[in-house]
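Protein chains: 4
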Amino acid sequence: MPDIFSAHRHGDESITLRPETTAVLVVDMLNDFCTAGGAMVLPGGEVLYGPQNALMDAARLAGMPVAFINDAHRPGLRQDREFDKRTPHCMEGTWGAEVVQELTQGPDDLHITKRRFSGFFNTDLDLTLKDMQIDTVIVAGVVTNVCVRSTVHDAFFQGYKVIVPEDCVAATGPREQISSLYDISNNYGIVSGSAEIINALGGDGVVMNREIAE
Amino acid sequence: MPDIFSAHRHGDESITLRPETTAVLVVDMLNDFCTAGGAMVLPGGEVLYGPQNALMDAARLAGMPVAFINDAHRPGLRQDREFDKRTPHCMEGTWGAEVVQELTQGPDDLHITKRRFSGFFNTDLDLTLKDMQIDTVIVAGVVTNVCVRSTVHDAFFQGYKVIVPEDCVAATGPREQISSLYDISNNYGIVSGSAEIINALGGDGVVMNREIAE
Amino acid sequence: MPDIFSAHRHGDESITLRPETTAVLVVDMLNDFCTAGGAMVLPGGEVLYGPQNALMDAARLAGMPVAFINDAHRPGLRQDREFDKRTPHCMEGTWGAEVVQELTQGPDDLHITKRRFSGFFNTDLDLTLKDMQIDTVIVAGVVTNVCVRSTVHDAFFQGYKVIVPEDCVAATGPREQISSLYDISNNYGIVSGSAEIINALGGDGVVMNREIAE
Amino acid sequence: MPDIFSAHRHGDESITLRPETTAVLVVDMLNDFCTAGGAMVLPGGEVLYGPQNALMDAARLAGMPVAFINDAHRPGLRQDREFDKRTPHCMEGTWGAEVVQELTQGPDDLHITKRRFSGFFNTDLDLTLKDMQIDTVIVAGVVTNVCVRSTVHDAFFQGYKVIVPEDCVAATGPREQISSLYDISNNYGIVSGSAEIINALGGDGVVMNREIAE
Chain G
28 MPDIFSAHRH GDESITLRPE TTAVLVVDML NDFCTAGGAM VLPGGEVLYG
78 PQNALMDAAR LAGMPVAFIN DAHRPGLRQD REFDKRTPHC MEGTWGAEVV
128 QELTQGPDDL HITKRRFSGF FNTDLDLTLK DMQIDTVIVA GVVTNVCVRS
178 TVHDAFFQGY KVIVPEDCVA ATGPREQISS LYDISNNYGI VSGSAEIINA
228 LGGDGVVMNR EIAE
Chain E
28 MPDIFSAHRH GDESITLRPE TTAVLVVDML NDFCTAGGAM VLPGGEVLYG
78 PQNALMDAAR LAGMPVAFIN DAHRPGLRQD REFDKRTPHC MEGTWGAEVV
128 QELTQGPDDL HITKRRFSGF FNTDLDLTLK DMQIDTVIVA GVVTNVCVRS
178 TVHDAFFQGY KVIVPEDCVA ATGPREQISS LYDISNNYGI VSGSAEIINA
228 LGGDGVVMNR EIAE
Chain F
28 MPDIFSAHRH GDESITLRPE TTAVLVVDML NDFCTAGGAM VLPGGEVLYG
78 PQNALMDAAR LAGMPVAFIN DAHRPGLRQD REFDKRTPHC MEGTWGAEVV
128 QELTQGPDDL HITKRRFSGF FNTDLDLTLK DMQIDTVIVA GVVTNVCVRS
178 TVHDAFFQGY KVIVPEDCVA ATGPREQISS LYDISNNYGI VSGSAEIINA
228 LGGDGVVMNR EIAE
Chain D
28 MPDIFSAHRH GDESITLRPE TTAVLVVDML NDFCTAGGAM VLPGGEVLYG
78 PQNALMDAAR LAGMPVAFIN DAHRPGLRQD REFDKRTPHC MEGTWGAEVV
128 QELTQGPDDL HITKRRFSGF FNTDLDLTLK DMQIDTVIVA GVVTNVCVRS
178 TVHDAFFQGY KVIVPEDCVA ATGPREQISS LYDISNNYGI VSGSAEIINA
228 LGGDGVVMNR EIAE
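Chains as they are written, first to last, in the working numbering: chain G, 28 to 241; chain E, 28 to 241; chain F, 28 to 241; chain D, 28 to 241.
Keep in mind the hints are simulated off the structure, nothing from the lab.
If chains are identical, the list can't say which one is meant, so a pair holds when it fits in one copy or spans any two.
Listed below are the simulated SDA-like cross-link pairs for lysine to any residue, each with C-alpha atoms no more than 20 Å apart in a straight line:
hint, residue 1, residue 2
1, K112, V68
2, K157, L137
3, K112, T43
4, K157, G186
Next up, chain G with everything else stripped away, as it sits in the complex (with noise of 0.2 Å):
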């Protein structure tokens, strides 16, 4: 049960899956954050490459687009504010700002180029979206608590149904992992797994809402 806050939400929520409006979102599978020899290493991201490329799979199987969002900084600004806080990571041009090779890409994928943590900040991912009449977002990728939770709050403020399958992310710790889950599936939509979007798919497209526990 979510606490007394939180439980003011529509309950037992579900997602009605129409490939036709529906996007995968891949946040920041780059080597800076995934490969050894990164910028900023999230140890054990590895584990998400077989559930995201089978959720790739099966979403350009189905028709969806599958788009990358990457996070690049222009090497050469006089300042970049984002680096007052964090170290760099991700300069264009880098191996350090490449998807990782575990994972496979598509021709048709789609790759969004972010300066933020947000996928929406200052990009064209929003009009692009909804150039292809998009209104329902999955979202994977790094970190859960950080750049893909950002992500989540601008999709859920832009209007979209937001799917976060939790096989598919990976926080900074245990704690993390499951307080953005929680508060995604209270707040900004629904928690499921790579498993079960793939069946719904391939079913009636009904994905229903994790209870996160409090």
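Given chain G's structure and the hints, the job is docking chains E, F and D onto it.
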């Protein structure tokens, strides 16, 4: 110590307050969230009134703007997509959408109306702060893990230095309070307390980042 | 015939009005711009009242939302960068910032506050229209070549179909009126008249683009 | 003299250039708009190359950033709503979307991709300029009455001081050129010429607003 990913930040951080470029943002201290009888009341939120009033008093005395960032929803819309997820609340023109009477308001305080969780989303907050040459914001209010946090995200993305006084924000539960503060202190700004901020305003202006336990 | 560059548009264009997805936007019909004694009055603006009232009546009768988009500037800001360029006007709470009394307002009309020329810039207009499933806007108001035009630009960028009724907008001079209508008809939407729109609402809904002379 | 409405601006305006806070924006100088064989070529646009190259040379010498703002449309989208109105153009990866070879590019020049007419709409232009502490922009390019003008609008709304050098922008016709310059000089910024700007950079930095005939 933060986890290995979050640790990739600039260490021992501080922000030096300058009253002429700093503003206090008070998020969603409204009857619907704080007062018995409101639409979705956060239990115990009244502990914030004392520290928030002290912080605002010190800010006004120092000549800093105070802005109340208030959720409000237009009555009679065919649809309000926030209500697809959450119970209706803060209807424009109702008691629930008013700032709680326990907080002192000053004659020059600003009021910003927001329609979604973040105070920056489709509002004039950024424009107004930049018109006033503000580059640093102190963010107070409820709830830490939803509206406060969303506002902090966007403030950081827009280039503001961000300070969150721990005793001026309340979450939906203890795990969410510490998890959001942990993320804020590592990725978006610094966490401090109202007393430290008030002392800094009367002294050298330096506010240190509190280490939040992993 | 348009010039050779502008001619690269889809020819003989029309928009088919559907009342459930169309809204009327009335921009800046405020005392400061329209009424003797206002801060910067457009001479002759009163010719708009008749066609605008007729258009709004027909819209309300058809169940279409009418939104007044009103410029307002916060008093007491340290600086308002619009006033670096233009004389102060439309101060919030003053007579100058009120809609002219000659226009009829309905009980369900929306009011959107804007801080810059465009009705979409840092306001909740796009969010509110999308909440209401609006995809087509009819834009009336003053002045054609500044606030109306800026609003038309952003409406088109955001994906709305745009109709400007020629007799419901007035510019600062005849050259600016025809030049802005020419650009709108070739690049942003279609130009028509209030009578054609009202007729369309009572008939097949089709509104044709008027050819504006080069 | 401007008309009675437009005249409500600050008179005899000037902007004092400071190289460390000024950038040159070159809008849409792309093959599809400028070179024989392009998708929608503006006749005579080649007269801009000389003044633009001189302006950019002077800017780079003074240490000012030069940013090419380039329209680009994603191939293979289900729909691109700009193409509901305009002929397809500037497809990403094609010759038509490349900057004309007659313009000199420097190794530190920035490239900003835009999807709609305005360089600021859903791009990282504002963020990047603010990261670089730019508060003044000199805007050159094509066409004055569409993409240049839309970019000027948003630059002003975002708080930048705006200078448009008359000989570095070309419109779709003489009426549109003078009408857009008139509006810019009265409502959005100042109009000057490349020689005056280059002289100012070598002298006291002062650029005066040209009076554009009513």
